[in-house]
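A.B. asks: Chains as they are written, first to last, in my numbering: chain V, 70 to 325; chain U, 248 to 659.
Treat each hint with caution, since some may be false.
Unchecked claim - For lysine-lysine, the following DSS-like pairs were computed, each having C-alpha atoms within a straight-line distance of at most 27 Å:
1) U:K657 to U:K264
2) V:K317 to U:K552
3) U:K577 to U:K508
4) V:K279 to V:K292
5) U:K657 to U:K496
6) U:K552 to V:K292
Unchecked claim - Pairwise CB distance ranges, derived in the manner of DEER restraints:
7) U:P363 to V:E242: 52 to 60 Å
8) U:H548 to V:E242: 47 to 55 Å
9) V:E107 to U:G263: 48 to 56 Å
10) U:T493 to V:K113: 44 to 52 Å
11) V:E164 to U:A530: 37 to 45 Å
12) V:E107 to U:P363: 20 to 28 Å
13) U:K501 to V:D197: 55 to 63 Å
14) V:D197 to U:W622: 20 to 28 Å
What the hints assert, rightly or not - Okay, the calculated bits of chain U under chain V, using three or more residues with CB under 8 Å as the criterion:
15) 285 to 295
16) 323 to 333
17) 528 to 540
Read the hints as simulated data drawn from the structure, not as lab findings.
All residues carry an ideal CB built from backbone N, CA and C; glycine is no exception.
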Amino acid sequence: MQAIEFKVKWGMLVNLDKCTGCGACTVACRAENNLSPEVEAGNKLRTNDWMNIYELSNGEPFPHHEVAYLPRPCMQCGKPSCSTVCPVVATTKDEEGGIVSQVYPRCIGCRYCMAACPYHARYFNWFDPVWPEGMEKTLTPYVSARPRGVVEKCTFCHHRFMAAKERARMNDEDPTQLAEDAYIPACAEICPTGAITFGDLHNPDHEISKLVASPNAFRLLVKLGTDPQVYYYSEREWVRKLGDNYLKNDKGGENV
Amino acid sequence: MSSAYWPEGVERCSAGKFLVWLAAISVFLAWGGYAAFQIFSNGIGVTGLDNYFGFGLWITFDLAVIALGAGAFFSGFLRYIIRIDELKNVINLAVIVGFLCYSGAMLILVLDIGQPLRAWFGYWHPNVHSMLTEVIFCITCYCTVLIIEYVPLILENRKINQNKFCHHLAHNFHVYMPLFAGIGTFLSFFHQGSLGGMYGVLFGRPLVYREGFFIWPWTFFLFISSAIACGPAFTMLCGTLMEVITGRKLISYKTKALLAKISGLLLCFYIFFKILDTYAWAAGILPGMGLTFDEMFSSEHGYGKGLLWAELFWFGLLPAIMLVLPQVRKIPALMYLAAIMAAIGVTINRFVFTVQGLAIPVMPFDRWTTYYPNWAEWSTSLMIVAYGFLVMSLSYRYLPIFPQEVELNKQA
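With the hints as extra help, turn the sequences into a complete structure.
C.D. replies: Structural data, given as structure tokens:
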């Protein structure tokens, strides 16, 4: 498959040495993107968290035991496994910025994209969303609520990208050359430890373009060929090693 | 007198007995209907599916019945294109079995997709790069072909056929049947393949991903060959089951043995390449992803290596050898057993690709998960089986499906 190369490529880097696993990113994401409160959250394979947090462990016994927390948004893959398989073009990667779209009114709910995504970044609306009375007033007006029967996922708060471009046009600026903080998703904005950096991977003025070049930066499952736009950072080798699968004595991943 | 509607020269059970039989079938239809109502009213959340297992029993069921229903197009191909005359004795049965399998699969899909009212988007907004688009095209078109093939059978009902128009229509349908058999073969070959291709292209799923030829992963060809291998055997089993239920001889043993032989030969071809494919996958694809063969299985979670060995050897190689040996085909019990084993083998294959492929943790920090279908999935699947029994019962009672029936029962 031919991957499209974009002039602007939005990327995210999560510093796992700074992440405390507090869940603020998840909460901000839910509020910003109109995810309805879970009625029954006992089955974690049914809950809907665009920004899901995994706990990593080095597997060592006390006192050498260490943990890390890995927030997992949609990877906005350069070569998405999901958009190519969608039978109805309800998810695409064709817009400047490289964000994988999700067109809710077109999705037929076949869940083939969910089967394709190895990151489990896609969620299905098993029931109609319900907001407790009065809470509907807190909905973000720029994000459509989804009905039951469609798939949804993180969009890097795409509506904020649209708004940032709009502002740039109004100020006679180039919308393809947005300033560092002109557009950031809710999760990056709220993170209390500043673990999430967001920006244009192709823009040398954006901090992220320098951070991803670090020997401590890595991505998840690059061996599969998905080419994610989400990076992680850790100075601990065991954390970086959990970014991909390795055979015994195998090297060849990213910065391991 | 309902006997006036029966095919000429045959015996059928009394109307009372038939109604009791239909009532038993209706129990399953009602149970499945209730589940379908719950699903349409509340959403697919009433099933056991979740965000890890977006595909489950329904898709396994669909893939299995579509593979087993391949007897229709392949028998049609052998009868009308290759001209194996003996198969005229089972072609009607093969068409009905195929129609039931495909229409049943489509009914399940209506439940399975989250927005059934948007099902037509596959035609309106097609993604030409998606194997599933091709599956939507071919399954719907082929189901239409099967309806066209089924219609003349209905028109041949003794009473309906007395109508001049119906009589001529049925005749003309038969004249053009080789054309429909050809179209059916083309469509079926492609969607059987695309169902395999659907999995083979999933480069994010190590268990199912395959390299291949041009745009088609090897699973494309393996799904075609496994379907055409099991289809004739399944058609033969359906005929035999009908004989057991009705207590009448419907198909000569010679014809059944021919179907078994066709299945055996094709199964040998399939299983040879399936074993090669499994080796190439374990030795080539998995190491490239940084994974090992052992990591693909977890007996603790119900996805042990036993499934693979069962699929390849006990329900693959063994029935292939049995069906291809004339000595085995001479013993009815062994021949039927081998056909059942082959059908189980292809079902395991579809289950493994659908469910086990999703159960494997791909991210190293993720964990194995297990899927349990719940009552809503079982009852709707059984409803489709009951629907098959219903249509087949009516067809058997009122339509001349088996050309050998009168002759065989006279001899008896």
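A.B. asks: List in ascending order the numbers of the hints, as given earlier, that are violated by the structure.
C.D. replies: 7 and 16
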